[in-house]
Structure formats: C-alpha cells, structure tokens
Amino acid sequence: MATSTIPPRAAYGQFTPQNMRRRQIVNLIMIGIVAFCALIIIIPLVHILGVCLAEGASSLNLNLFIKPPAPPGVAGGGIAPAIVGSIIMLAIASVLGIPTGVATGIYMAEYGTRSNRYASIVRFVADILLGVPSIVIGIFVWTLLVRPFGSFSALAGGFALGAMMIPTISRTTEEVVRLVPQTIREASLALGIPYWKTVWRIVIPAASSGIGTAIVLAFARVGGETAPLLFTTLGNNFLSFNILRPMDAVPLRLFNYAIGPYEEWHRIAWATAFVLVIAILLLTIAVRRIARGRFNDGV
Amino acid sequence: METLRVMRQWWHDRRRLGITATPSLPRPPMRMGLQADRRFRTLLGAFAGVIMLLIGAMVVLLVSDSLMAWRQFGIIPFITGTDWNPPFKIFGALPYIYGTVVTSVMALVIATPIGIGCAVFLTEFAPRWVRTPLSLTVEMLASVPSVVFGLWGIFYFAPWLRSGVESWLTHHLDWIPLFKGPAFGIGIFAAGCILSIMIVPYITAITREVMLKVPAAQREGMLALGATRWEVVRIVVIPFARSGIVGGAILALGRALGETMAVTMLIGNRGQIKSSLFAQGATMSSVLANEFTEATFQLYTSSLIAIGLLLLVVALIMNILGRWLVSFSARNEATGRA
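Residue numbers (the numbering used here), protein chains in the order written: chain C, 41 to 339; chain Z, 1125 to 1462.
Chain C on its own, in the form it takes in the complex (with noise of 0.2 Å):
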C-alpha cells in the first residue's frame, strides 16, 4: 500500500491555468453527484417516516396501547400484550446483557493492554458476535433454551436479545472508560485506594454517563429486532405473564400484521410501525446529543 504520501507525479502537471476551466466544471459536476447521493440518502427516511404517519394515524390511538388484538376481520383492537411482552423481553435481556456488557468492557479498557492475550482475543470475539446474523442468534438460542425445555418462551427470548447487548454494549464501555484520563487513576492511586477501588469508585463513576449511553444504544438496537424473537419466544395473541410460554413482541407483532391478509392488520401495523421508529429514533438521537456534550466538555 505504498501509494500517496506524496501526490503521485503524474498530478503535478496537472494543475495549470490552461485546463483550469474544464478542471472547475468536472469539480462542480462531482460536488453534484456527491451532494445527490447525499440527498438520495434522506428520501428513503423521510418517506418512511411520513407513510407510517400517514397510514397508521387512524389506528394512532389510546385502544393501541391498552388494547389486546381483535380477532380477524374485526376492526379495532390494540398491541397491548406485544407492548408488555417487549417490555419483560427487554428486562430479562438486560439481566443478562448489562452486567455482562459492562464489565467486559471495563475489563478491555483497564486490563486490556497490548501483552494482555485474553482481553484481545475476547475484544475479537466480541466483534464477531456484533457480526453475527441475528438469526442465527435466533436458531442458537432454540438449540439451547426452546428444545430442551420444549416450549418456546420469553426467556429464550430476552436471551437472544441480552446475546446482542453483550458485545453492542461492551464496545461503547470500553470506549467511554477509555475517555478517562489517567491522571484521575493516578491520583486516586497516589492516595493510597487499591486499583479495584479507584475502578469502582472513581472511574465508573467518571464513565457513568458514557456507560447509560452504550446501554441505551444497545436497547435501541435490539428493540426493534424480529428475526431472533421467530424462533424463540414465538409471540401469542393474549396478554401472559408467564416468562416460561410463548409472549408477544412488538416487531414480531408488526411482522404478522404487515405479512397478513386483512386491511385493519395493516393499519394497525403502521401504528405499530410508527410508534416503533419513533421510540428508537428518540432514544438514539437523545442519548447521542446528551453523550457528545458530555464528552466535549467533561473529558
């Protein structure tokens, strides 16, 4: 890769006041085709985000939220035990996924130097398992925890889900604990207080902020995932408390409205649609604002 510290020669000649015209006019033809691939980027957006509106503001209600789905061909009716079924899902995922996350990613910022083998083989294994597909993560999970207990459940469920925070929530910790300056631990050690101590007491605390985000982040990455819940907590057409049987979820619920025959299933789909995007749309933009001011001004 020993290409252009240095311009390549062949740009030196370039660049004379006689071609200049036609060198501004490509110039400005480029910025066109940069500027319209940007500007084809945001159509796809808005247009999703307007037709869900659009669509779903009929359905856009109160029943919505409080109310369990009607049968087939009936109008009316609501998400109300996808809504609580994603709830549970999520919770029992950040059982799983927070501690976890967290403290492997404070492991590889503060253990993981370069002679440190363990913490950069676990940093790769993290990044291969932010690449996994997401189904696969689905079909992982019924091998281990729909088989042998032979029934699909909420727990099978909100396992997948935590499996996908560990390593989205771990990257960002590791990140933001590095943000830390060393000089806090010095000084902290220079007082006499143990490592674990100034790691528990002085740099988490320091990262607080940065770690909410990463778990923040990781939510809004796995609340809108289907393809895992398919095979692992099923979903189920009445309100269940029961983290052992099938339970609802809102992707999955909007899945099989979207893919259904009846005109009142779409609508309700693109409430659903809407509510869905939003919800992780604010999550996202609002921990980010939060997070870049915090950094910018903190560390």
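In short, the hints are calculated from the structure, not lab data. There's no promise every hint is true.
Short, incomplete list of chain Z residues facing chain C, as computed with Cβ under 10 Å [what the hints assert, rightly or not]:
| no. | residue |
| --- | --- |
| 1 | G1169 |
| 2 | L1178 |
| 3 | G1180 |
| 4 | F1245 |
| 5 | L1258 |
| 6 | T1261 |
| 7 | M1264 |
| 8 | P1269 |
| 9 | G1274 |
| 10 | F1281 |
| 11 | P1325 |
| 12 | T1417 |
| 13 | T1425 |
| 14 | L1435 |
| 15 | I1444 |
Stretch-level coverage of chain C by chain Z, calculated; a stretch enters the list once three of its residues show a Cβ under 8 Å from a Cβ in chain Z [stated by the list, open to error]:
| no. | segment |
| --- | --- |
| 16 | 64-72 |
| 17 | 132-144 |
| 18 | 152-161 |
| 19 | 197-211 |
| 20 | 257-270 |
| 21 | 281-295 |
| 22 | 300-311 |
Where is the CB? At the ideal position from N, CA and C, for every residue including glycine.
Since chain C is already given, all that's left is putting chain Z on it; use the hints.
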C-alpha cells in the same frame, strides 16, 4: 515490620526443622488490597468470558445439530444441491445460497457508490449546517428496524419499483436475461434494492470515519498545488482511505448476507434459481425465517440449522476480513503512510 516478623519466624522454623540449605527469598504475604485487586480483575475477566462461552456454545450447538444433514448429504452435495424438497426428504441449499449472494451483491453494487458519495459529501463538501442534520439522518436510517423496512417495502417500495424501474427495465433492456419480465414488484430485485437502502448508512459511516483520518497536511498540500477540491478527494483522500473503504464495504456485505426480515417480506420466498432478477427467490435467512418453526422432522430441522451454520461462517469471514482491512487503514494512519 509485619513482613519482617513473618520472615524471621519462617527462618526460625526452618532452622528448627533442620533445613540448612540457603533458601531463596520468601515471598512476603500479600497485602489485602492487592489480593482484592486480583479478585476484582478475575471477576471482570470471568464476565468477559461469557462472550467466549456464547460463541463457543453457538458453534458447538450449530455444528452438532447440523451433523445429521452433513452426514446424510455430504458437505459439497448439500451446498450444490438445487432441490429443496421436504416431503421427499431431499435438501440442497443452492437456491438459497444463490438468493443470498445475488441480493447481497446487488445491494453492495448499488449501495457502495452512493454510500461513498455521501461520505465524501459529508467530510469534504457539506457546509456545517448541512453536515449535522445529514449525519443524523444517516444514523437514523441505520437504526430503523428491519421489519419496518419490510412493511414499507411491501406497500410502497415494491409497487413503486414495479410501476417505475422494473417496467422501464423490462421494456428497454429486455434482451438482457437479468431484466427479463414479467416483473411483479415482489422478487429478488426488490429485496436487493431494499437491502441496499439498509446498508448504505454502514458504508457511509465507516468510509467517513476513515476519511476523517486523512491528515490535514495532505489536503492542504494538494490545495496549495492548485488542485480543486474534487481533485483533492480523487488524488489524496480516496487512495488514502482505500483499504478502509473496501473494509467498510465488506462489513456491509456481511450485514446484508444475514439480513432477514425485510428480505423475507419482499423476496417472494420461492426457492428457485432463475436468471431474471425479477423472479421470486429466497435467501438463506428467509428460508430459516419461513420454515424453521414448521420443520416437522429431524432431518428437516438439521438441514435448516446447516444453512444457519453456513450463514454464520460466511458472515464471520466477511466480518473478520472487513475489520482487518479497516484496522489496516487505521494503522496506516498511525504510521503516517497510505
């Protein structure tokens, strides 16, 4: 002092027991804090081990559960078999592999230039008041759930493709087998297009990251030589960031391969190999999504898990390769060489 006392005691004991050889210096007992440090580190390390456990269990379970299919059909025949026929207990994965490869490559071909263009615009040309909302938009597009893309695809994107792009292509480029009609909207073409929309943000994000690492001095040098801003991009920025861009594209490819919901909703789910892009098809992930809960006998389940394993392996190879290329370009930046 405590240490000294212990040492003296220890020395004394040895004398009494009649050991006279000169001992190596005894290790002083550890202070409480150090011991706690060690325990803390071990504890965190144990948590970190959970990730390894997960990946290990995943590989072991997927391999052991797909063994039946591998044994029954053999690895190569399973991959190259074109017939997927559950009632006759014949399983060949090629139609699905074909669907996955075609949709992903299509997505990559469409998304890479657009993604790079957008990154170039963001890093090099966009005024500040455009840059912030635009990069926010790209982030937002990346966080829209796959199933919402699917919903939008079914009711808006695919019909639009059918009446617009596809009908034009079938009219004017009919002589290319790829664009032979009839076009229904739902099909491989639509799946590839929606995948491209979904992976553009990744390509843009990674490309942008690598481009931001190009040293300012290089840009300034070019400008001082009288280059236009596009020439700076073409001659300095893109060559410098090349391996990172390629890595980003490969990472995006890895994502596209495993993407399930939107593709399942748009591809038509028919396991067939047709030369036309407008035909319906199925991908590895879509067949899993559709058939996994309906697999009634063990060989069927095992074959599906075998497809899952293939998907995992391919996605991991893409992922590792892509990351390696991106970090390669980051390392170049550290040493100041491109």
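Okay, the hints, checked on the actual structure:
With a cut of 10 Å, the hint placing G1169/Z at the interface with chain C holds, because the nearest CB-to-CB distance is about 6 Å. Hint status for L1178/Z: holds, given a least beta-carbon distance of 6 Å to chain C, under 10 Å. Annotation: interface hint on G1180/Z holds; nearest CB of chain C at approximately 9 Å, less than 10 Å. A hinted interface residue such as F1245/Z counts as satisfied when its beta carbon comes closer than 10 Å to some beta carbon of chain C; here the least separation is about 4 Å, so the hint holds.
Of the supplied interface hints, the one on L1258/Z holds, with its beta-carbon coming within about 6 Å of a beta-carbon of chain C, less than 10 Å. Given hint, T1261/Z at the interface with chain C, holds; its Cβ is 5 Å from that chain's nearest Cβ, closer than 10 Å. The closest approach between the C-beta of M1264/Z and any C-beta of chain C is roughly 5 Å, which is under the 10 Å cut-off, so the hint is satisfied. At about 3 Å, the closest approach between the beta carbon of P1269/Z and any beta carbon in chain C falls short of 10 Å, and the interface hint on this residue holds.
Taken as an interface hint, G1274/Z checks out: its beta carbon lies about 6 Å from the nearest beta carbon of chain C, inside 10 Å. A cut of 10 Å between beta carbons decides the hint on F1281/Z: the least distance to chain C is about 8 Å, and the hint holds. The closest approach between the C-beta of P1325/Z and any C-beta of chain C is roughly 7 Å, which is under the 10 Å cut-off, so the hint is satisfied. Taken as an interface hint, T1417/Z checks out: its beta carbon lies about 6 Å from the nearest beta carbon of chain C, inside 10 Å.
Checking T1425/Z against chain C by beta carbon gives a least distance of about 9 Å; that is within 10 Å, so the hint holds. Nearest Cβ of chain C to the Cβ of L1435/Z: about 6 Å, under the 10 Å cut. The hint holds. Taking 10 Å as the C-beta contact cut-off toward chain C, the hint placing I1444/Z at the interface holds, the least distance being around 7 Å. Under the rule that three or more residues need a Cβ within less than 8 Å of chain Z, the assignment of the segment 64-72 of chain C holds, with 5 such residues.
Restraint check on the segment 132-144 of chain C versus chain Z: 4 residues with Cβ-Cβ distances below 8 Å, three needed, restraint holds. Under a criterion of three residues with beta carbons nearer than 8 Å to beta carbons of chain Z, the stated coverage of the segment 152-161 of chain C is upheld, 3 such residues being counted. Taking a C-beta to C-beta cut-off of 8 Å, the segment 197-211 of chain C contributes 4 residues in contact with chain Z, enough for the three needed, and the coverage statement holds. Three residues within the 8 Å Cβ limit are the bar, and the segment 257-270 of chain C against chain Z gives 8, so the coverage statement holds.
For the segment 281-295 of chain C, the assignment as covered by chain Z holds, since 3 residues bring a beta-carbon within under 8 Å of that chain's beta-carbons and 3 suffice. Given a C-beta distance limit of less than 8 Å, the hint that chain Z covers the segment 300-311 of chain C holds, as 3 residues qualify and 3 suffice.
Violated hints are absent here; each numbered hint is respected by the structure.
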